[in-house]
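Peer 1: Chains A and B are the protein sequences, given in the same order. Going by our numbering, the first sequence opens with residue 777, and the numbers climb by one from there. Going by our numbering, the second sequence opens with residue 5, and the numbers climb by one from there.
Keep in mind that a hint or two might mislead.
What the hints assert, rightly or not - Selected chain A positions facing chain B (Cβ under 8 Å, derived; list incomplete): (1) D830; (2) P832; (3) A834; (4) S856; (5) L959.
What the hints contain is simulated information worked out from the structure, not anything from laboratory work. Every residue, glycine too, gets a C-beta built ideally from N, C-alpha and C.
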Amino acid sequence: MTVWRAIGRFQMAIMGLSVLLCAPSSLRAQDTTAGKKVYVKWCAGCHGETGAGDGPAAAYMLPRPRNFTGAIYKIRTTASGQLPTDADMMRAIDEGLPGSAMPAWKGRLSDADRRAVLAYLKTFSSFFADTSQHVVELKFGSAPGGGSGAEALKVGRQFYDSIGCRKCHGDQGRGDGPSAPTLKDDAGFPIFAADLHQSWRFRGGASVEDVYRRLRTGLDGTPMPSFADLIDQKFLTDEQLWRLAQYVRSLSPARTPEVRDVIHAPRVGGGGGGGRGAGGTLPTAPDDSAWARVDRYWFPLVGQVIRKSRWFVPAIAGVWVQAVHDGQAVAVRVSWDDRSQSPDTAWLPFEKRVLETVASDDSGTSGAGLWPDQLALQFPRRIPAGMERPYFLMGTETDPVYQWRWVSSPAGGRVVAGLARGLERFDTLAGAEGAPGARSSYDHGEWRVVFTRSLATPDTANELQFEPGRAIPVAFFAWDGSSGEHGTRLAVSTWYFLALDQPTPPRVFISPVVAMALTLGLGVMVVLRAQRRGTAGSRG
Amino acid sequence: MRKLGSIAAVAVGVGVVGLAAWTRQPPQGGATIAGNIKFTGAKPANPKIDMTEEPKCKAKYQAPPTEEVVVVNPNGTLANVFVYVKSGLPATYKAPAPAGSVTLDQDGCRYHPHVLGIMVGQNLEIKNSDGILHNIKAKGTKNRPFNISQPTTMTSTRTFTAPEVMVPLECNVHGWMHAWLGVLAHPFYGVSGSNGGFSIKGLPPGTYTIEAWHEKYGTQTATVTVTGSETKAQDFTFAAK
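Bound conformation, chain B alone (with noise of 0.2 Å):
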């Protein structure tokens, strides 16, 4: 009886051990990283788009719509800084894919938005608003390469499989148009908006190096130690070539 006790307890204790295995999750923590994109000198201007060819487009535009290669906000900060976690996450880290997908939308002849994060097996849904035709490349070395044709207004749905910061995105119908799509096997990125800001939130205690990424301006790396459910401020600063 004893006996059959201690095989009882050792079943569930195995139990027990394998349940914790199965339901453990990544080591999420609670610190945060968060800073402001800095911009100097004079602020760069994108080139006119010529949307003659796309009526449909043009017609989304009050004022003649330009590129977005470098997107100064009102309060002089710097948007569509992609700035994610390069290294320092333990070499067994691994996250599942989250169940919800990333969503690039073509509208107005233009990408929105125009840099974004997505993790390796996530969806990225790619939505045709425009109805008129835009074919998606994707240029990824990392990840296999695809372009495929949208001739209306539907959806079609991606994975990528490797991380890769960045693949360009662009649509060779219109010559304008480009994306830029940060994949990483973690969640800890973020892309600078409107106000310049950005933040990586959840993550465990660690030395973590930083990076950067601008489409024009490259990259910059910062090395940031966090405990506990710290935030830690990090600014960047990119200055006009």
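Just chain A, with the same shape it has in the complex (with noise of 0.2 Å):
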């Protein structure tokens, strides 16, 4: 009995194991429970429950959500036209795609979770089951040295040149060519061609390998075609595209911009001190050279999404800025990437297109018009004592903020200065004498403009007195009309600060040195007392 009993289990113990060993094989293949699990959970508000890219929040955004059933993926390793490998989406699961709406989910997602969900957008479409569909990997090599050096940056921009990019990219890369306001996607929306002064928002990544895959590859539903008939045909080395990958990346800083809370204005001219060389005079020109001699930074901007109509779409993504001040007057200049001169006719059909593509929150806003484009500093009233700032939202009803606000024209645009009292409400200061200036300049795709004012002036109640050595909130909002930005469609920043710097004081030098003599010498006290301590206890 007992050895039956012990046969049978081994009997079950085998079945148990070869269930083990030869189901999960096919169950892997067949069973999608787990990953439609997650998808539904995670992927559906977005991408939708049939993975036709139409979830509920697919409508407020673009580029839009993937739609799965096509099985046509723009960050590949394949040819054009062919499926993705299982890795290539899986890095787009791992990674997100910078500057989409589509965020990383390695650590939000388990391992599991994301094969499992992987396994379950590939029966989305039937490609992904048809055994004649063959999916290679390309080789792709390794980049040829001396990449940023003039000569390979010189090959790359030849050809960036011969091969067309400008002809959507712009002649400085900033996506303003002549065929950009026409651009669609294979689903017809609007679509815009890459800023390639912002590697960190190309989806498939910011490498020169990523640069050289895309050309290689395309981006499969885009405008962006495959280069890969060129080098197969000899008119193009592939040394020669990795040059102009090369290039390209070399349009971008050589890291993503990091956000840091203050800009630093160093002091420029007389009163001694600071500068960092940045010149005798105020710099009030947009392309004075002593720009390039003054820190810049970064500051993101995101839709405005809190106050009706929101917009979730901004076409700026963010702003460089830098400051310098002569102990009498400020100057801020603001640097953004905009593929249009707007007003600006050409991109009106775009504006209608991206208008008809984001749906509104409010039946009340106007269509498409030939918006100009509109930049605005905030400032408190006054510097605050404590942390205490006004609504960043451009201020309230009751505690105003104090903002410069410049507005394009074909003729160069103006400045002016005035309460907000939150989005729908603002009042132009009149006092001549406090009131900022401005001067634009407008080159292929970027605004720089510079704004300046006397530190002090007579308003003291409405206009923001400026004081070297404080930490004084600023922040940004930028509007593109050529996407339809106006009003409370535009992008917002929050509060950052802004930081004049005072001419250093000799005590800065000094004090270390005292403190140190001082920390010295009473060391040696504590030391010396310790000792003559320790003689007196042995003795006794």
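Now that you have both chains on their own, put them together as the hints suggest.
Peer 2: What follows is the structure in structure tokens.
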């Protein structure tokens, strides 16, 4: 009896083992319930229950979430038209798609969940089950050396021009080429040519290798084609394509700009100190060479999604800010990438398509129009004593903020100062004596505006009085008119600080020496005392 | 000896049958369906193309070029209508892809032809005669889409794997450039040309659903029965919208 039972147990164990050994592979291929669970919980909100890229949030997005039913993927290591590899899809899940609403899921979802959801995504298109589809991961080699040298970049630039990159990406790479306003993705939604000065927003990654891969494979579903046929037919060597990738990469900062809280404004001119060699006089022209010697600070902007009508698709990703002062006046230079010098009739059809694509939460908002570009610099009316600051989103009725608003015009632009009491109300300040000045230039997809104002003005109640050595709250707002941005449809920042450097007083250099001497003296005293006590103790 | 002979006869017989099976062609017939694409109503104006950005293309035109959404011929017929056998062929029907290729030319920043047909597996030669940057994007849904760049005078070859009417082709550098490609598993299709006529030749006897497709006016169908080597007439009429 016990023998039979033992044999029975043994048989069951064998059966169990064989189930364990054989079943998982077949289960893995078919059972996608685990993946579906993850998908419904985390992905369907944007990508839709059926994977058609039409979840409830999709209508507010640009670019729209991926429609999985066509199995068309931008970021691949395969030739244009081929399916992506599993690793390609997993990279998008793990790392997200920078510059879009797709976040990185590594760390948020377990490895098992991410693998499960990947398997489920593949069920949305019959192409993945089609065994005649060949998925061949391309071999990419590695970048030739000397990629950041002037000679390599010159070669890269030569091909940038000769193979027509500028048609969409523009002469300087800011996505402002002549074809840019006509671009659509495969679903017919408006799409921007990438701004090549913001590599940290490239969907497929910011490295030279990533750029090279996008050139080889193209971004399927978008207007960006594959340049592989050029290499196959020897119109271009592989090295030349690498040089192009290196040139494109060189247009962006070497590293993703770090967001810092405080803008340091060095002091220039007489009055001594500071300056970092920033010339003798306050630079008021946007293209004054002195600006090249002043640190610039990056501030990302996001859509205004607090008040109606909300705006989820801001066209301006952020602003670069520099500031200097000369003890009398302050100059703040704001530069930002904007594909269009609005108002521009060439972009009007694009603007219409954007407004048709992006859902509005307010039926009362106006349609497409020839809006200007705008930029606002915001300060509190007075430097706060503590951390209390007015409401960042343009203050409130009872606690307004002091703003400089610059508005573009075909003639260049103009600036007005005023008090904002919330998004809807802006009261211009009439005082001519405290009025800020602004000079602007637009160059191949970039606005540069220099605001200047005297540190002190007569209207101390409403106009901020700048004081060196204090942390002055500052915030930024930007509108791209050709994307339909005006009123509450804009890009906003939170509060940051502007600090005007003080001339360094002599005590800054002396105090540390004094402090060190004192510490040393004190230390010696303590040691001597302890030694004396020690001797006394051993004697006793 | 007799035994041997019969074995040989069987072997030869098997060989003949095998050879017959191997060389068997699709059931080609001798029937033809031909007709004209008529057009009624006011002829719509095609959008003008602004080629200022492409002087090389612009120089190829005397009068300002237009898009080719609706091309009405001088004789009042409609060009660029794709007419094909939609159904009616035996389910087992299989035709090999012809060795010859189909050419799509980019010349003067327009596609030539504007509407074309191709068989599954047949080579599509995409030619850039302009020597300026074009990209060719195929936006099929049954076929894998692709998007390739041709910044210079060159030819790229691609094939299609599944029947699809139609695969839209477009250039994104020049938003006005559109072409339409009908991909079929059989050779029974035609495109109405500058006299508005089409003909589908070599049809085996049978009853067929013929569809006529136009990029703006949509599709129309007709049922046609052919026998032997007869030619049956079948016209289609599209009306201005």
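Peer 1: Hint by hint, say whether it matches the structure.
Peer 2: Tested hints:
| no. | hint | in the structure |
| --- | --- | --- |
| 1 | D830 | violated (16 Å) |
| 2 | P832 | violated (25 Å) |
| 3 | A834 | violated (20 Å) |
| 4 | S856 | holds (5 Å) |
| 5 | L959 | holds (6 Å) |
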